[in-house]
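Listed below, chain by chain, are the residues.
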Amino acid sequence: MRRNRIFASIVTASALLLAGCGTADSAVTTAPSGGLTPIKLQLQWFFQAQFAGYIAAVDQGFYRAQGLDVELLEGGVDIVPQTVLAQGKADYAVAWVPKALASREQGAGITDVGQIFARSGTYQVAWKDSGITSAADLKGKKVGNWGFGNEFELFAGMTKAGIDPGKDVTLVQQQFDMQALLKKEIDAAQAMSYNEYAQLLEAKNPATGQLYTADDFAIIDWKTEGSSMLQDAVWANTEKLSDPNYQAQTVRFLTATIQGWAFCRDNAEKCRDMVVAKGSKLGTSHQLWQMTETNKLIWPSTGGIGVIDETAWKQTVDLSMTTRNQTGDTVLTKAPEGLAYTNDYINQALDAAKAAGVDVTGASFQPAPVTLTEGGA
Amino acid sequence: MRRFLAVLAGLLTGAAAWEGYKAVGNPDGTVLFGVRVLPRADDLSMPHLWTIAERLGAPELTGGRPVWRVVVDACLFTLGITTAGFVAGALIGLALAVAMQRFRVVERGLLPYVIISQTVPLVALAPLIAGWGGVLMPPWATVAVIAAYLAFFPVAVGMLRGLQSPSAAGVELMRSYAAGWWRTLVTLRLPAALPYLFPALRLAGAAAVVGAVVGEISTGTRGGIGRLLIEYAREATSDPAKVYTAMLGAALLGLLVAGAVSLLELPLMRHRRHVEVATL
Numbered sequence: 072m073r074r075n076r077i078f079a080s081i082v083t084a085s086a087l088l089l090a091g092c093g094t095a096d097s098a099v100t101t102a103p104s105g106g107l108t109p110i111k112l113q114l115q116w117f118f119q120a121q122f123a124g125y126i127a128a129v130d131q132g133f134y135r136a137q138g139l140d141v142e143l144l145e146g147g148v149d150i151v152p153q154t155v156l157a158q159g160k161a162d163y164a165v166a167w168v169p170k171a172l173a174s175r176e177q178g179a180g181i182t183d184v185g186q187i188f189a190r191s192g193t194y195q196v197a198w199k200d201s202g203i204t205s206a207a208d209l210k211g212k213k214v215g216n217w218g219f220g221n222e223f224e225l226f227a228g229m230t231k232a233g234i235d236p237g238k239d240v241t242l243v244q245q246q247f248d249m250q251a252l253l254k255k256e257i258d259a260a261q262a263m264s265y266n267e268y269a270q271l272l273e274a275k276n277p278a279t280g281q282l283y284t285a286d287d288f289a290i291i292d293w294k295t296e297g298s299s300m301l302q303d304a305v306w307a308n309t310e311k312l313s314d315p316n317y318q319a320q321t322v323r324f325l326t327a328t329i330q331g332w333a334f335c336r337d338n339a340e341k342c343r344d345m346v347v348a349k350g351s352k353l354g355t356s357h358q359l360w361q362m363t364e365t366n367k368l369i370w371p372s373t374g375g376i377g378v379i380d381e382t383a384w385k386q387t388v389d390l391s392m393t394t395r396n397q398t399g400d401t402v403l404t405k406a407p408e409g410l411a412y413t414n415d416y417i418n419q420a421l422d423a424a425k426a427a428g429v430d431v432t433g434a435s436f437q438p439a440p441v442t443l444t445e446g447g448a
Numbered sequence: 038m039r040r041f042l043a044v045l046a047g048l049l050t051g052a053a054a055w056e057g058y059k060a061v062g063n064p065d066g067t068v069l070f071g072v073r074v075l076p077r078a079d080d081l082s083m084p085h086l087w088t089i090a091e092r093l094g095a096p097e098l099t100g101g102r103p104v105w106r107v108v109v110d111a112c113l114f115t116l117g118i119t120t121a122g123f124v125a126g127a128l129i130g131l132a133l134a135v136a137m138q139r140f141r142v143v144e145r146g147l148l149p150y151v152i153i154s155q156t157v158p159l160v161a162l163a164p165l166i167a168g169w170g171g172v173l174m175p176p177w178a179t180v181a182v183i184a185a186y187l188a189f190f191p192v193a194v195g196m197l198r199g200l201q202s203p204s205a206a207g208v209e210l211m212r213s214y215a216a217g218w219w220r221t222l223v224t225l226r227l228p229a230a231l232p233y234l235f236p237a238l239r240l241a242g243a244a245a246v247v248g249a250v251v252g253e254i255s256t257g258t259r260g261g262i263g264r265l266l267i268e269y270a271r272e273a274t275s276d277p278a279k280v281y282t283a284m285l286g287a288a289l290l291g292l293l294v295a296g297a298v299s300l301l302e303l304p305l306m307r308h309r310r311h312v313e314v315a316t317l
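Protein chains in written order, with my numbering: chain A, 72 to 448; chain B, 38 to 317.
Heads up, a few of these hints could be off.
On the chain A side, residues computed to face chain B include the following (Cβ under 10 Å) [to be verified]:
hint, residue
1, 150
2, 154
3, 274
4, 284
5, 347
6, 354
7, 355
8, 368
9, 441
10, 444
11, 445
Hints in this document: simulated from the structure, not taken from any laboratory. A virtual CB, placed ideally from N, CA and C, is assigned to each residue, including glycine.
The shape of chain B in the complex, shown without the other chains (with noise of 0.2 Å):
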């Protein structure tokens, strides 16, 4: 209930924000030498907050379905997206940790790699990845390849560090124990990388948001919320509330995400007090 609250204030403290600016800024924005400080506080940069309420509540075109069915049905899309990709990628991520893990050589051999990969460049990757869809999977699956190419990464990186927290005292009792490197693995090392999981997965899910947006947009997916926001973008000449709409769509996406991997942690962290133990 308290936590219903605090968002709840964040968000009426959000659009006194955005209201309490139109009221004072300058229409034409603040310009300090040349450079833009402040941006315009008119109606064609900023529209009013129930002109954007309005317009989700009007039909996307004349006869057509409301703005917001759409905008939630592009959610749903993406979401499907994301979530494709977000397991794809947390899995593939476990595994490479594991592996990393197991094995220094793999670890120092293809950690390099893992880093670099995420300074490709989206722009440079998705045409190729874009070249997949109807040939090896459905173009929507192309956009989750790319979600799932940065999800991973939080995942591998952040699991290689909690599987490789446990104390060398709590790894010699499992020696002493004479427990293999799979029981290990199971009773003392994953519970142990679960504090270094969550907080991962939960960049992950935020990565695989991006990842998804940006891959529809990159490759021109239909369905989705980044194809809708660059659709409603190029009509902002004429309806400026209308490319809010999606980006609102995209934002509730981002914290459905976060929420969903946050429930996640509750069944799982209860285990936390048992790591505590076992380290100890």
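The following block holds chain A by itself, in its conformation from the complex (with noise of 0.2 Å):
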């Protein structure tokens, strides 16, 4: 009886210990597989034409002539690319500039090294006849925002428009689709430029049988309202930025993302062809739309792809610092310290991408217009 204690509780002990043991990081391997090294890169959603460069450089072997063997690792509802970077489960991962500042205050070690994305993408959209164009028109209507961070390019829009998001509007969380502003159960929706803003312009109208046209809608843009912030940038492990290695390592990675997203501007068809063989469940005119879209947010780019202008960075980080939601958060209570961002590899690159021909700023840039059909299809 004793002696069957003693096992008892030596089971009990291990059991425990293997339980505890569970939850524990596990080592990354980094075998080398044919001279290549691998990499991964966390991006923030399944495949889309919003991460077309990468596919990109991937697909056209921009990342395997920098001697890289790059995967894209899909995100996930419960997937935060920045903290999956910091926990060093992915070498880089592409986070939004402000909820990426929020999880470095909480402890991650990333730094910003490109910022593909010059420009925010955010819209409200509301009916044309409600007469909302503005910021300020939101006053006592039903504002459907996202939550979980997205939503601070709103607010500080609102603020900044002399209302109080507390108090002068009606918030309502809004679900992934648009239905709720085509129910007219709220008066103005968060939307993406490069993606439900067109699953409105996707839609029929019941009245006329007709799609919904850009008629339809009013649209307020964060970027003329003085409001938006960075989105979209690369970022990697800082403290493994202090590793000549993994500099060098970074500035391959950059040059071929470089060459990936100058090859999706001037093929945005090809692009989407890609990113539709990838599986990708949205429409081949959605994704095109995406692809146009995304483009828009990025070229022309005056200093060259993925550089941090430090007007746009001091704007992201003020907004984040004295924007409060409806709670009364700020995305951060102090501003980034440490070093949040270097333009050093992405200069690097951009020379690199230069000297092998890439036009890095795409000044001549023209979007062609996309038609979209019903359900994106």
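Need the complex rebuilt from these two chains, each delivered in its own frame; the hints are there to steer you.
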């Protein structure tokens, strides 16, 4: 009996120990495959044209030419790219600047090494006949927002227009789709220019039997309201950036990334096909729209793609520290410390890309118009 | 046959209720004192059943495979994950139950953790386990781990009750035969536990489906019905019937798993009479 008891305590203890081990991080093995360095890039969401530049750089062999074997990791509802990066489960991550800075404040050691999207793609969309054309018109309206840190441009815009987001508007938590706006449950809905806004234009107006058109909607663009924040950027591990090997690898990674995005600027339809081939469930016309709108957020790029503009960075940080959401929270409590961003690597990458004959500013970029079909098919 | 008719009648009632509500319900829903008490009945919120059926037959994307093929394939993928999770979860649950029955110390030490394990929110757990994908195991297996995590609990708790269910007289009888622990377990406790095991397995089956679907959504694992649900949900603005096809798939998957688990019961429940004799 006594022996049994000892045996039992050992079993219990080891079971608990095993359970504890289960939560520990596993070591990432990095075995070189054919001389190429394996790299993992964590994306924010499923494959779609928002990430076309990276997909193209893989597909066209730009990464391979730089000696990198890049694996793109899709996001999910609970996958936070900057956390995955900070935990060492990816080598680089794509993330919005305010959200990544918030993770940084909580201890994630990450650095913005390439600001791929120079501009924000967030809109607030209302019905044209509602008379809402600017943030000030939202007063007293039902305003949809996504929450989870995606709402701060809206709140900054309203605050700037003299509206107290906590009192002067009715805030409604928005779903993935735009049905709430179509059903007129809300007066204005949050939408990305490259995704949700297109979904509105792919829906049929039951009154006319035709698709809705841009004339049916009014757009509040946070870029013109002066409350836009920086979005998709490539983030690297701050600690590893002190290692010369990782530095060189970052430059090579960014060089190929620039090539990928330049390719998608010049070959929107080819990139659309690559994204569709990756198994995206979004239709081809929707995907081409997304490609074109994404290009608009990057090109033309006066300083060269990926260079972090200090004014835009400062605006993002200032708004992150001062804008309060309905619960009174700000994105950041203090200015980012340490190496939050650096242009060192992107500038080297731009030089390398230019030397290879890549147009890194896209000054002559003209987006081709896209015709959307029902359901984006 | 009667069972089949009952199922059919249930389905027809459901369909009639859906279409009936659409016919009489207010397209804008019913709002009482600012609270919506009845849902909207318009085509955007509740597409007609024939629209959904039509959508099932139509191609997913221009020139692509029909939606029903995509949904069925996704269901089969998730069924695979569910099965792996269910089997692993049930085996772990059984092992834990046997260990807890055998050693009081283990029961006292482990049972609280078994219960606490189910209070950990999946959203906290999923990203952690998702990190194992591609490193320790293929990505689908991480979802199976989540499914197993939910499935082991009812089995462990139910089976423990079952193993402890034989009366003292039964246990003493075994002792008087000089039967060891193993003999007692196999001839007395396991048969006595069967009536407890099957309801637990049904719960585990349902939990495994939920775990697999939620795990897919949470980690973004491609191929299954959970991922399909979220992808179609995003298109609900312009294609509201599409998301219902995926929901239908998920419901069918749940029924299929429930049916499969109750089939397990058939050959084993013949022993039930023996149990009653043994526990007398």
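Violated hints - listed by number, lowest first: The structure conflicts with hints 4, 8 and 9, although it agrees with all the remaining ones.
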